[in-house]
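Novice: Now for the letters of each chain:
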Amino acid sequence: MQVSMNINGEPVTADIEARKLLVHFIREDAGLRGTHWGCDTSNCGTCTVWVDGEAVKSCTVLAAQAGGHEVRTVEGLEGADGLDPVQQGFIECHGLQCGFCTPGMLMTARWLLDQNPNPTKDEIREAISGQICRCTGYKNIVDAIHWAAEHPRTNEVTA
Amino acid sequence: MQTPAPTDYVRATSVSHAISLLEEHGEESRILAGGHSLLPMMKLRIARPEMLIDINELDELRGIRVDGDELVLGAMVTHREVLESPVLFEHYAIFRECEKVIADPLVRNRGTVGGSMCQADPSEDLSAVGSALRGSVVIQGASGTRTVPLREFHEGPYETQVEPAEIMTEVRFPIRPGAGSAYEKVERRVGDWPVCSAGVYVVVSDGLVTDCGIGLTAVSAEHFCAPAAEAFLIGKAPTEDNLRSAAQLAADAADPSSDQRGPADYKKHLANELTYRALVRAAAASQGA
Chain S
1 MQVSMNINGE
11 PVTADIEARK
21 LLVHFIREDA
31 GLRGTHWGCD
41 TSNCGTCTVW
51 VDGEAVKSCT
61 VLAAQAGGHE
71 VRTVEGLEGA
81 DGLDPVQQGF
91 IECHGLQCGF
101 CTPGMLMTAR
111 WLLDQNPNPT
121 KDEIREAISG
131 QICRCTGYKN
141 IVDAIHWAAE
151 HPRTNEVTA
Chain G
1001 MQTPAPTDYV
1011 RATSVSHAIS
1021 LLEEHGEESR
1031 ILAGGHSLLP
1041 MMKLRIARPE
1051 MLIDINELDE
1061 LRGIRVDGDE
1071 LVLGAMVTHR
1081 EVLESPVLFE
1091 HYAIFRECEK
1101 VIADPLVRNR
1111 GTVGGSMCQA
1121 DPSEDLSAVG
1131 SALRGSVVIQ
1141 GASGTRTVPL
1151 REFHEGPYET
1161 QVEPAEIMTE
1171 VRFPIRPGAG
1181 SAYEKVERRV
1191 GDWPVCSAGV
1201 YVVVSDGLVT
1211 DCGIGLTAVS
1221 AEHFCAPAAE
1231 AFLIGKAPTE
1241 DNLRSAAQLA
1251 ADAADPSSDQ
1261 RGPADYKKHL
1271 ANELTYRALV
1281 RAAAASQGA
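If you read the protein sequences in the order shown, they are chains S and G.
Numbering of the first sequence is given in the numbering used here, commencing with residue 1 and proceeding in unit increments.
Numbering of the second sequence is given in the numbering used here, commencing with residue 1001 and proceeding in unit increments.
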């Protein structure tokens, strides 16, 4: 079946099987490999992207369901004025080691901060509770998101 | 790699369109709501529908509203919408307390009330809430709609009264002025299915319990409720002794199995203790404490 969606503002169309998961559409058909494909069971959260502004696990959404909708991936975080503060925060606070969980963490972090610009560390921990990091012990990830909250873009523009 | 078996996909444009698609494609077609129960089942090949009928575009199935003396949730209301709804919280704290411990924020963004109810997992948290509050569901088919009490909705694990060519459109809950409610859950890790959960509402008037509901999940309580415990409490003062006795009766309604989530006697203990804790908090809330 023919499926079209906007990914980071760019139209993408492909002829796919109806059973294809959104994570595979993003990686294989749109060629955007920033979104990682992890556990396949909606536990690890590394495949997290936005659909119509909501952070979702793209291994548990059919690509067909996203047809006609707006998708945002980690490639869509960087703006004309440079990295998103959540990306910069992960650099400043050493928020990753192997980096496998990072794209999902970044997309959830931006989603959280758009709704709640000044979250407590407990609120950050809850926001990423559907995501698994096997390297950091989470402390540096929480610090990174907190850093981003304290360093917002001056003219925040999000998709 | 886990991926569903080959299937077809079509988008419904209205509830009646969805029903006609179900009739056209027969028993091998399935309604696709949030997909957060069905797609995992399809990846495991436990479910193998040949046609998926996507109802995500149907705004008529969304929204939370008050209709007379009932709260009405459209089948496509997400877990997050339940969690954040001021009107649900105003009447029943149990909705927020339960949703807070269902899965994680990302799953709650996508998973729906109707999908969870129709999946009918024997450990579904919302099923305990629905039975505790004596809610009902509205089911629509080609010949019209019917309303089924949630205490009659489940025919067994993963089986409900929704027939192959029918669709659940709403879940309704009676509003009970003065009710206090609470939810207690023990899970192995954040976001997991419960080892056991208990959800209750209590109405205390002039020092006596005049109305109550007790729901249990994951412990094989028939229809997710504990009627003997409810009957015991009516007309009694919500004293520690009475609430302890009711909690014991609730545990008697549980018939759990030992599995990877814990041994049966531990789950029975949880049914007792969690019911007691929920009753204490709900009774206090009803009395304005």
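Treat the hints as calculated values from the structure; they're not laboratory data.
Please read these numbers as outputs of a predicted model, since none were measured by experiment.
A couple of the hints might just be wrong.
As the list claims (entries may be wrong) - In silico negatives: residues of chain G with every beta carbon more than 12 Å from chain S:
(1) R1108
(2) G1191
(3) D1192
Stated by the list, open to error - Within a straight-line C-alpha distance of at most 25 Å, the following computed DSS-like cross-link-like pairs (lysine-lysine) qualify:
(4) K1268/G x K121/S
(5) K1100/G x K139/S
(6) K139/S x K121/S
(7) K1100/G x K1268/G
Every residue, glycine too, gets a C-beta built ideally from N, C-alpha and C.
Novice: Next, verify each hint and record whether it holds.
Specialist: Do the hints match the structure? See the list:
1. For R1108/G, the condition that its CB be more than 12 Å from all CB atoms of chain S is violated, with the nearest at approximately 9 Å.
2. A cut-off of 12 Å between C-beta atoms contradicts the statement that G1191/G is not in contact with chain S; the least separation is 6 Å.
3. Some Cβ of chain S comes within 12 Å of the Cβ of D1192/G; the nearest lies about 10 Å off, and the non-interface call is violated.
4. At most 25 Å may separate the alpha-carbon atoms for a hinted pair to count; K1268/G and K121/S exceed this at roughly 36 Å.
5. Restraint check for K1100/G and K139/S: the C-alpha separation of about 22 Å stays at or below 25 Å, so the hint holds.
6. The suggested pairing of K139/S with K121/S holds, with an alpha-carbon distance near 10 Å, which does not exceed 25 Å.
7. A C-alpha spacing of about 23 Å is found between K1100/G and K1268/G, which places the hinted pair at or below 25 Å, so the restraint holds.
Of the numbered hints given earlier, the model fails hints 1, 2, 3 and 4; all others are met.
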